[in-house]
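There are 2 protein chains.
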Amino acid sequence: MSSFIPAQSDDVSIATIRALAADVVTKANSGHPGAPLGMAPVAWVLFSRFMNLNPKNSKWFNRDRFVLSNGHACALQYVLLHLLGYKLSMDDLKAFRQLDSLTPGHPEAGHTDGVEVTTGPLGQGFGNGVGLAVAQAHLAAVFNRPGFDLINNYTYVFTGDGCLMEGVASEAASLAGHLQLGNLIVIYDDNHISIDGDTNLAFTENVAGRFQSYGWQVLRVKNGDTDLPAIFEAIAEAKLEKNKPTLIQLTTTIGFGSKQQGTHGVHGSPLKADDIRALKAKFGLPDQSFYVSPAVYGACAEIGQRGAATEVQWNALLSQYAQKYPELHSELVRRIAGDLPQNWEKALPTYTSKDAAQASRKLSEITLTALAPVLPELLGGSADLTSSNLTKVKGSVDFQPPSTGLGDYSGTYIRYGVREHGMGAIANGIHAYGGIIPYVSTFLNFVSYAAGAVRLSALSGHQVIWVATHDTIGLGEDGPTHQPIETAIHFRATPNLAFWRPADGNETSAAYMVALKSKKTPSILSLSRQNLPNLEGSSIEKASRGGYVVHEVEREDLTIVSAGSEVSIALEAAAKLASGGIRTRIVSLPCWFVFDQQSEDYRLRVLRSGAPILSLEALSTAGWAKYSHEQYGLSSWGASGPYQKVYEKFGITGSNIAVIGKKVVEFYKQQGGPVVSPLVKAFTV
Amino acid sequence: MSSFIPAQSDDVSIATIRALAADVVTKANSGHPGAPLGMAPVAWVLFSRFMNLNPKNSKWFNRDRFVLSNGHACALQYVLLHLLGYKLSMDDLKAFRQLDSLTPGHPEAGHTDGVEVTTGPLGQGFGNGVGLAVAQAHLAAVFNRPGFDLINNYTYVFTGDGCLMEGVASEAASLAGHLQLGNLIVIYDDNHISIDGDTNLAFTENVAGRFQSYGWQVLRVKNGDTDLPAIFEAIAEAKLEKNKPTLIQLTTTIGFGSKQQGTHGVHGSPLKADDIRALKAKFGLPDQSFYVSPAVYGACAEIGQRGAATEVQWNALLSQYAQKYPELHSELVRRIAGDLPQNWEKALPTYTSKDAAQASRKLSEITLTALAPVLPELLGGSADLTSSNLTKVKGSVDFQPPSTGLGDYSGTYIRYGVREHGMGAIANGIHAYGGIIPYVSTFLNFVSYAAGAVRLSALSGHQVIWVATHDTIGLGEDGPTHQPIETAIHFRATPNLAFWRPADGNETSAAYMVALKSKKTPSILSLSRQNLPNLEGSSIEKASRGGYVVHEVEREDLTIVSAGSEVSIALEAAAKLASGGIRTRIVSLPCWFVFDQQSEDYRLRVLRSGAPILSLEALSTAGWAKYSHEQYGLSSWGASGPYQKVYEKFGITGSNIAVIGKKVVEFYKQQGGPVVSPLVKAFTV
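In the order they appear, the protein sequences are chains L and U. Just so you know, the first sequence maps onto residues 1 to 685 in my numbering. Just so you know, the second sequence maps onto residues 1 to 685 in my numbering.
Relax, there's no trap hidden among the hints.
Since the list gives no way to pick one copy over another, a pair counts as held whenever it fits inside one copy or between any two copies.
Mimicking BS3-like on lysine-lysine, the simulated pairs with C-alpha atoms at most 27 Å apart in a straight line are:
| hint | residue 1 | residue 2 |
| --- | --- | --- |
| 1 | Lys517 | Lys542 |
| 2 | Lys27 | Lys94 |
| 3 | Lys272 | Lys645 |
| 4 | Lys645 | Lys27 |
| 5 | Lys94 | Lys649 |
| 6 | Lys272 | Lys362 |
| 7 | Lys626 | Lys681 |
| 8 | Lys520 | Lys649 |
| 9 | Lys649 | Lys681 |
| 10 | Lys669 | Lys626 |
| 11 | Lys649 | Lys87 |
| 12 | Lys346 | Lys519 |
| 13 | Lys626 | Lys663 |
| 14 | Lys87 | Lys645 |
| 15 | Lys681 | Lys576 |
| 16 | Lys649 | Lys27 |
| 17 | Lys59 | Lys519 |
| 18 | Lys94 | Lys645 |
If you're looking for bench data, these hints aren't it; they were derived computationally from the structure.
Starting from the given sequences, assemble the full structure and let the hints guide the process.
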């Protein structure tokens, strides 16, 4: 193990990071100086001595990944990115937390060069880090060959007490231990302070013991404020452990250097002018705001040059790999670029109405089985509901540590355990790594457990596909504890999230097609437990527009718009209404998000004026008024029982919907006047 | 420590529980026989030797609480409840998982006599158990007196591997250890099987080590299948430890007695007829369905009699207490009954428009400060955001183990740590105990972390009040990672959940008033970080109807309906519109749930026909079409910056809304014809 060689620039660099972070927060008059002041030394040791990175090409594939799970400490990250030469100027630092700046209040991936994942909501970054490590292990197992250790980076995560209290981090940590992710190194800023005050108030567990119980190596650094050699040695030792993730418990003083150091007063409030002045004096810096000496810039430039040289070497290795393994090479290049293979869509199953009725979870399994051979970038998994979600392709190998004898890291199926939130955060990390399209699964109702991760997926543009089965009261006997009511509208209202409820086989294929093409949008595929007939009017092409007329009628008296398992019930109602002389069109609207992106002309042809539109869904009606005049659904919790009986209880049957439809038609006749589509609006936002 | 005295009825009782549970699942052809077969011995030892309960009065206040966190094993619970003489007949058992039966697919509190909390969604029951234990500790500290150990029950939780993988349980467990809850005993069914198969697939952590790290006592029973004395001794030992919660790691064989025992095949599928026959033969029972021998009923009746006698003793003690401590006694009786003190509402602050603008989180603090002296049943807390949520009443004492020196169990403020989901589940448990109204707090955005607990709160009717601050882009600098967009509609679409967005002081008081009166409904109070003016047209009475006209105008051209921090912006817009000759009414709609309960006549007066209605909210517009013709809000994520700038960016200012309002008026003029209120509907569900 190499040992720490001090450099002249170390102290001044650390002092500069501290002073800059304090300046950044004070200028914004908003933000968190405490953790940056405390973690500046470990950040410096990590970036100056260990991180493989190229600031001039922040997307170099084999770079080490850095995650700031305690994202409120982002002044630290922004300062580092600036000093190292990423696309972040001093002016950007000065615009910290200002509107439309590159330095928002918490780090946002895709927004700021060099930020790997979006953090701030506590615990998420920890989970992302596990995902980044999973992705590295997987791609290494798939692509590395003797002499070609192409993919061998480490993932480093900074975390605070807050993240470690969060269940999402606990879940991810337990799985990381099980998966023996030796490439994951988490540095825990053990500063004994959270917002409420001393951690003695609420967080007195033995963190080291807990992580050892998860199967982690735990190392300690007693003086994280100044003992650079100890920090160095801990990281070096962590890198040597190949079969366990490592937690480095680093004792620091929050707000080190401030008059308020060691108190929660310094956690989330800017330092006062005199405090900053004293701090700079203490560290031997000039009394100047946003000051960086040439020596510090010089030291940082060297780090960048070292990284650039490493990338050059790596590119040379990649060229040799291209010679020796041309097919693997082109596959790796394709996957790094995120391109799908040509003609992959041809593998999507299609159906006619003569095909047997099947549950859409089963249709999903058929689709995954058809896609797995052509899309090796699919890395699936379930939160311990594999046999219910039907997400494991037959013959696929588990992603497992080889020593378990249960699979290996090249395997494409992850056993997430009953850890929905951790699964979501890990999947975000897997996608952030690149080269992989993760899909994850649980019951739709329990996607809500992972809401924190799902919203970050959508905010950051992670292409994560949720296979969310058992999606309404149609799951039957498990009852209201498991029956989503509010869930669909929750996710439909989430920006940049495609929530799909396919009605049959073609719609299921369409949902997968659009989800797989949407590189920057997560999708939730809400699927039925019960069998659904294949519709006469469906096709992949039509459904891929998010909404379409599945049963056309001219001069209709009524349109029923529905989604998922209720579309066939709407069709039953239409048949009954037709026999009573009420001409009824049926529109299937499997995905609001995608439908809303269609041209106004198209949308107004689908949901046209002229007759009332009734929505039907076995969920809360909330939100449907956007697409309909009248809404039928559930206004209460569901019930436990065989699913047909539960549907009957809530009136979601062809015959009851026919009765409702008739009421709607009569009501609008009485009202008189033209019936205008709800899509006709005074303005658009 | 007493030791186990075997009874003749033990073996046959355990065999009967196993056989009945198998019968129940097989008759339903749906359910989970595995855990009931495995946990029948521990259930029998616990209920026959330890539990203080009175089946004839399942609400006896000092009963021991039993929680089946692995709620899918409910056949076990239903069988026990039946045998012990709760209001659950053999016919009810035969109706397992049938529509409208008393034996739904997972246990539902308030639905089935003797079920303390609703479980099934994994990890929730564990958190509820911690809450039940917190409540016991608190009420004991408040009401017990020397010689009057009135409140001294234990809480017993059954849990499986699934619950222990969930982050919500990890959070609750860590806090329970910190809180030194010696009255909490969790029995972990360590059967090595989850749905995906052997726990080796995903759950290889050292559970005992983890719980010891949390500060728990961990005991082990190696043979939970047959070793009744060892089970007995473990529970007895657990009861002796007064300063730590105990986890009893009980090794069992899932599906014990079935041909498929020890495999995941027996987890969630009914036993076949021949398997049940063999099982009954093995246990010496007749080949008969739903058979209970008189001996077993007799043994169970004895348990009930023992419990009834204990209650008689307790009532006697309570009478003596009434003599010695009349005031405490009447207070305890009041709180057990769940009655609020007379005239408590008089403590609610009221405001006029001359009062200074304040953030609604601050108004909430003022309200809590005013209420705390009159409503001692308020037991508050925050997920480590106390200084932001403003939820700690000045001078209040922390709920802490006395040994910490930081408070004591009579304290009314819980430091939950950064554990939102655990906090939600714990609060549900606290409310389930009785005598306490829990309120909890975090940023609105992070209530989503607790979505799983919130929905169970609403499903079970737990009066939990969420103080959810920082509720829109109005939080400013923290940025889109912290700014709710989809959150309001998520909770508005949840049945039996009152989601409030008060616009000013009177509305904040109204929200608290209604929330505190709603004994069976949870409430989320969505509150601003930024200051809000006190409105001229608001009052507690008006706002308590969920929606009202805050600015009336005759023969209006436009109504703007809004909520929370945007109401004052709507009023600004109305003033601008008025100066341009457009007569604009303003409706404040702080709580959809409460407004929807008002008479049709009232609602149609508030949101009347005759002029277009425009909704305004700095959140997703999803759902607002129910109350308006046109909707203004956010269709994307927010942004980091000073809040006024962020509002401007998204056009949520008086002047821009005036422009939009004008467009709406012109649009509807062009359309011609009468404008009908969106509340006028063809049918009601």
